[in-house]
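Participant: Going down the list, the sequences are from chains A and B.
Under our numbering, residues 1 to 400 are what the first sequence spells out, in order.
Under our numbering, residues 401 to 615 are what the second sequence spells out, in order.
Don't read these hints as lab results, they were simulated from the structure.
Careful, some of the hints might be misleading.
[Said to hold, decoys possible] According to the in silico footprint, chain A covers these stretches of chain B (three or more CB under 8 Å from chain A):
#	segment
1	414-423
2	457-469
3	476-485
4	543-550
5	573-579
[Said to hold, decoys possible] A few chain A positions that, by computed beta-carbon distances, are all more than 12 Å from chain B:
#	residue
6	E49
7	V174
8	D263
9	K289
10	P321
11	A336
12	L360
Because the structure is a prediction, the values reported are computed rather than measured.
Virtual Cβ for every residue (Gly too), placed ideally from N, Cα, C.
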Amino acid sequence: MPNMRSEVSKIGAPWHTCIPAAALALFLALLAASLPAAAAGSAVDSLPEADQQCLGCHATEGMKKDLQGGEALSLHVPGEAYAKSVHKANGCGSCHSEVDIKSHPPSKRDIKSLRQYSIERAEACRQCHEDAFKQHAGSVHAVRLSEGNPVAPVCTGCHGSHSVTPMTAYQTCVTCHSAALDAHQKWLPNAQLHHEVVSCAACHAPAALRMIDLRLYDTGTRTWVSEREGGARFDKLARSIDADGNGLDAAELRTLLGEFNRDESASRKSLRGRVELRTGVEAHRLAEKTQAVKVCESCHRAGAEPFRNVTVSITGSDGKPVRYRAQETVLSAPLATAALPEFYAIGGTRSRLLDVLFVLGLLGGAAVPIGHMLVRLFTRKLLKKGTGGNRPGNTKDRDK
Amino acid sequence: MKKVYVHPLPVRIWHWINALGFLALILTGVQIRYVDLFDVMSFKAAVQLHNWIGFVLIGNFFVWLLFYLFSDKIKVYHPELSPMKHFQGSLRQLQYYGYGIFKGDPNPHHISAYHKFNPLQSMAYQIIMLLLVPLQFFTGVLLWDLKQYPGAVEFFGGVRVVDTVHVLLFIFFTAFVLVHPYLASLAQPPLAHVKAMITGYEEVEEESAGSPPAG
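In isolation and in its complexed conformation, chain B is listed as follows (with noise of 0.2 Å):
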C-alpha cells in the first residue's frame, strides 16, 4: 500500500464548508418552503440563515475554481476527449456498480494524483460544478432580491421559473447528499474516503499508485 496526496489542502477545507454549507442550506430550504409543516426556526431567520450560508458558499465556491484554475490539479477534471473510451469507462463503472461489486469484483478505476474520478465521477462533476452548482447560486442570487437583477429574472421568463430550477436543483442536490456518502463509504475501510478528505492522502495498491493521468 502507497499514500497518495489527492485532496490538496484548498479543496478539502472547499469540500468541507461546501458538505456543511450545503447540508444547511437544505435544511433552512426546507424550513422556507414548508413553513406550514416544520417549525424549528421563523421564516424571516431561516430565510436570513439561507442568504447568509449561500454568500459564504458562493465565496466557497470560488477557492474551488481558482484553485482548479491555477493549478495543475486541473487535470483531475479533464474530460476523455474520446467518446467511445468515455463510454467503454463509464459502462465498466456502472457494471461495477451494479453487479461486480456484489460479487467481490475490484473497482476496475485505480486511484492517482491526477487521476481521483473514474469516468462516472469525472462526467459528474463536471455537469454538478459547473452548471448545477453555479445555477443554484445564480438563481438564489436573484431570490436574494428580485429587484436588484429585474434584467435577469425577466430572462429566465419570471421570478415562477426562477424558483422553480432554483427548487428542482435543491431536490437533486437533496438526493445528492444522500447518496454521495454512501458512495464514499464503499472503501475498505468504509471510512478510507472519508478519512483522505481531511489528510488528503488515499492508500492505493503498490501497482496503481503514481500511475500517470489518462488522456
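Pulled out of the complex, with its shape left as it was, chain A reads as follows (with noise of 0.2 Å):
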C-alpha cells in the first residue's frame, strides 16, 4: 500500500497528558513573547505573536488527540518547518478559522476519523485555491476519493499541511507512488533520466501545457543554485540583459550564465532543463495512467508543444522558482552547446546548424560522384573524338 504523507499521525499516548507540557510551552511562549531577543534566530521569531501563541502549544513534541475509532490524531505543528513553509504569512488563523481562542481547546469536537479529518480540512486550502481544485475536480485522485478509496490522496496528502514547500512534483508524487520508476523501467528508455528532466505530470496531466524551465545548478555542491534571503539579484539581471524586454535569446542566456560565472573560484554554474508545467496548478489534472503521454514523438520532435516555451529560473529565497522567460530558439541555436551543454533531447531541440551541415554533406556526397562521373564520361567523348589517348578507366585501379 502507498504511504500517505499526512502531518495527521497515529500517535499513541492519550490527550489528557499532554496538558501540562502544553501550558508549559504556552507558558514558555508568553515568556519568550516579552523577551523577543531570547529565542533570537529561530524562524519561528519571524511569525506573527499569535501564531506563536498557537506554537506555544502545538510546537510541543506527541500532542495529540485520541478518536472514537482508537485512531489519534496529532495537533503537533513543527515551529520551524512551519515559519519556514510557503503559508508562513498566511497566519494560523487563515486555515483553522473555526477556532474560538477564547473557548479553546473546545471541550469536545466531533472528529470520527483520520481520514474524515483530511477530507474536511481539504475545504480550508479551497478558500485560496479555488483554481486548483477546479483542476483536480474529474483527476484520477479525485475519482478514486469519490469512489471511497481509502488511500486517494487530498491536499494533505500530496502537499503536507503545516510544513507546506516548493516541491517538484517528482519528489511529492513518489511519496506514494515508490513503485513508479520501476513500472516505467518496464517500458521507458532512460527511465531514470526521464524521471529526473520530466515531471510527473507532464505525463500525468496530458491535458495541460507544457514548458522547459532552464534551471542554475551548481556543478561543484551539485544543488539547484539559490538566490539569497532578501536578494533579488536573478530577475534585475535577467532584465537588464534582455534589454528588448522580447525574452533572452541564446547570445543573452550566454551572457546571465557568465554572470553567475564570474567568480572563477566558484564552482560552476550551469543550465539545467526538465520539462514542466507552465502552471503548476494544472499538475492537479491527473489523468488515469491509460491516458498519459506514452509516444516519444510527443517531445522528440522539432517543435514539439514542451519546447515552444522556455524559461530560465533560479530557486527563490522562499524556495519557489523565480522565472524569467527565453526564446524558444535558446534550445536549438548553434550557441546552445556552449549555454546549455547540459541539456538536450534528441530530435526536439536539435541544432539547425547541423541540420543544415546534414544537408551539405548529403548534397557535397553525391555531388562529387555525380560530378566526376560526368567530367570522366566528357573527357572520355572527347579522347575519343581526339587523338586517341589513353582511353580513361582501361588500367586497373583499385580506389575506395
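Starting from two chains that each stand alone, build the complex the way the hints lay out.
Facilitator: Dropping the structure here:
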C-alpha cells in the first residue's frame, strides 16, 4: 500500500497527558513574547505573535487527540518547518478560522476518523486555491476519492499541511508511488533520466500545457542555485540583459550564465533543463495512467509543444522558482552547445546548424560522384574524338 | 593478369557487416533525428534498432581490430614514416583523381597483398578506423544510456556536446557512404573491387603483382 504523507499521524499517547506540557509551552511562549531577543535566530520568531502563541502549545512534540475509533490525531505543528513554509505569512487563523481562542481547546469536537478530518480540512485549502480544486475535479485522484478509496490523496496527502514547501512533482508523487521508477523501466528507455528531467505531471496530465524550465545548477555542490534571502539579483540581471524585453535569446542566455560564473574560484554554474507544466495548478489534472503520454514523439520532434515555451529560473529565497522568459530558439541555436551543454532532447532540441551541415553533407556526398562521373564521361567522349590517347578506365586501379 | 589475395575472410566479413550496419544506422539515425519529417517507423522502434545495430557494429569493429593486431596483414596500415614521401604519394594520387583519370592515365598506385591502400587511403582509413569510428561508437554508447557513464558525459562537456560530436560524425559517414561506392567503382570493370571484397582476390597486372609492401 502506498504511504500517505500527512501530518495527521497515528500516535499512541492520550491527549490529557499533554496538558501539563502544553501549559508549560504556553507559559514559555508568553515569556518568549515578552523577551523577543531570547530566542533570536529561530524562524519562529519571524511569525506574528498570534501564531507564536498557537505554537506555544502546538509545537509540543507528541501533542495529540484520541479519536473515537482508536486513532490519534496529531496536534503537533513543527514550528520551524511552518515558519519556513509557503504559508508562513498566512497565519494559523487563515486555515483554522473555526478556532475560537477564548474557548480553545473545545471541550468536545466530533472527529470520527483521521480520514474524515483530512477530507474536511481540504476545504480550508479551497479558500485560496479554488483554481487548483477546479483542475483537481475529474482527476484520477478526485475519482478515486469519490469512489471511497481510502488512500486516495486529499490536499495534505501530496502537499503536507503545516510544512508546505515548493517541491518538485517527482518528490511529491514518489512518496506514494514509490514503485513508479520500476514500472517505467519496463517500457520507457532511460527511465531514470526521464524521471529526473520530466516532471510526472508533464506526462500524467496530458491535457496540460508544458514548458522547458532551465534552472541554474551548481555543478560543484550538485544542488540548485538559490537566491540569497532578500536578494532579487536574478530577475534584475535577466531584465538588464534582455534589453529589448522579448525574452532571452541564446547570446543573452550565455551572458546571463557568464554573470553567475564571474567568480572563477567558485564552482561552475550551469543550466539544467526540465520538462514542467506551464502552471503548477494544472498539475492537479492528473489523468488515469492509461491516458498518460506514452508516445515518444510528443517531445522528441522539432517544434514539439513543450519546447515552444522556455523559461530560465533560479530557486528563490522562499524555495519557489523565480522565472524569466527565454526565446524558444535558445534550445536549438548553435550557441546552445555553450550555454546549454547539459540539456538536449533528441529530435526536439536539435541544432539547426547541424541540420544545414547534414544537407550540405548529403549534397556534397552526392555531388562528388555525380560531378566526377560526368567529367569522366565528357572527357572520354573528347578523347574518342581526339588523338585516341589513353582512354579513362582502361587501367586497373584500386580505389575506394 | 594475376590474382592477388588482398582481403582475408575476417576483413570481408567485417566489411560487409559494417557496410550494411552503417547504412542501417544512418537510416535509423535519420528517423530518430527527423521524426517530424519521416514516418517509416516509430521513434522508439528506431532508437531500439539503432542501439542494437550499434552494439553489433562495436563487436564487429573488434573483429577487424583483433584480426589486424594478430596478423601480419597489419602492414597494409603501416604509415609512411617519411612525410615527404607520403606527401608526394598523396599529391600524385590526388592529381590522378582530379586530372589524370580524365585523360586515361594509369593509376599511380599498384596493389599488392601488403600494399592495398594508396597513400590517400592509407591516411584516411587510419583516421577513420582508429579515431572517427571509435569516437562514433563511444559517443553512441554514452547517448544510449546517459546515466551509465556520467563522468564521460561530463568530460565531453555535457550531453549536447556528446550529441553534436555524434551528429557531426553521422554527417561525415553519410557523405562517406555516398562517395565510397563511387570510388570503388573506378576499377575496370567497375564492379571489380566489389567482387574482390566478396572473393578476396584482386586481379592485377603481372608486373605489379606480389610486390613487397613499401616501407
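Participant: Would you mind marking each hint as holding or not holding in the structure?
Facilitator: Cross-check of the supplied hints:
Look at the segment 414-423 of chain B against chain A: 0 of its residues bring a Cβ nearer than 8 Å to a Cβ of that chain, fewer than three, so the hint is violated. Closer than 8 Å: that is the beta-carbon criterion, and the segment 457-469 of chain B has 0 residues meeting it against chain A, so the requirement of 3 is violated. Given as covered by chain A, the segment 476-485 of chain B fails the check, having 0 residues with a CB less than 8 Å from a CB of that chain where 3 are the minimum. Coverage of a stretch by a chain is defined here by at least three residues with a beta carbon nearer than 8 Å to that chain's beta carbons; for the segment 543-550 of chain B and chain A the count is 4, and the condition holds.
Look at the segment 573-579 of chain B against chain A: 6 of its residues bring a Cβ nearer than 8 Å to a Cβ of that chain, three or more, so the hint holds. The non-interface label for A:E49 is consistent with chain B: the shortest C-beta to C-beta separation is roughly 50 Å, beyond 12 Å. Against the 12 Å criterion, A:V174 stays outside the reach of chain B, whose nearest CB is about 17 Å from its own CB. Every Cβ of chain B is farther than 12 Å from the Cβ of A:D263; the closest lies at roughly 20 Å, confirming the non-interface assignment.
The non-interface label for A:K289 is consistent with chain B: the shortest C-beta to C-beta separation is roughly 18 Å, beyond 12 Å. With 12 Å as the threshold on Cβ separation, the claim that A:P321 sits away from chain B holds: the shortest Cβ distance comes to roughly 22 Å. With a closest Cβ-Cβ approach of about 6 Å to chain B, A:A336 is found to fall inside the 12 Å limit, against its non-interface label. Distance to chain B contradicts A:L360 as a non-interface residue, since its nearest Cβ pair spans about 8 Å, not more than 12 Å.
Going through the hint list in order, the structure does not satisfy hints 1, 2, 3, 11, 12.
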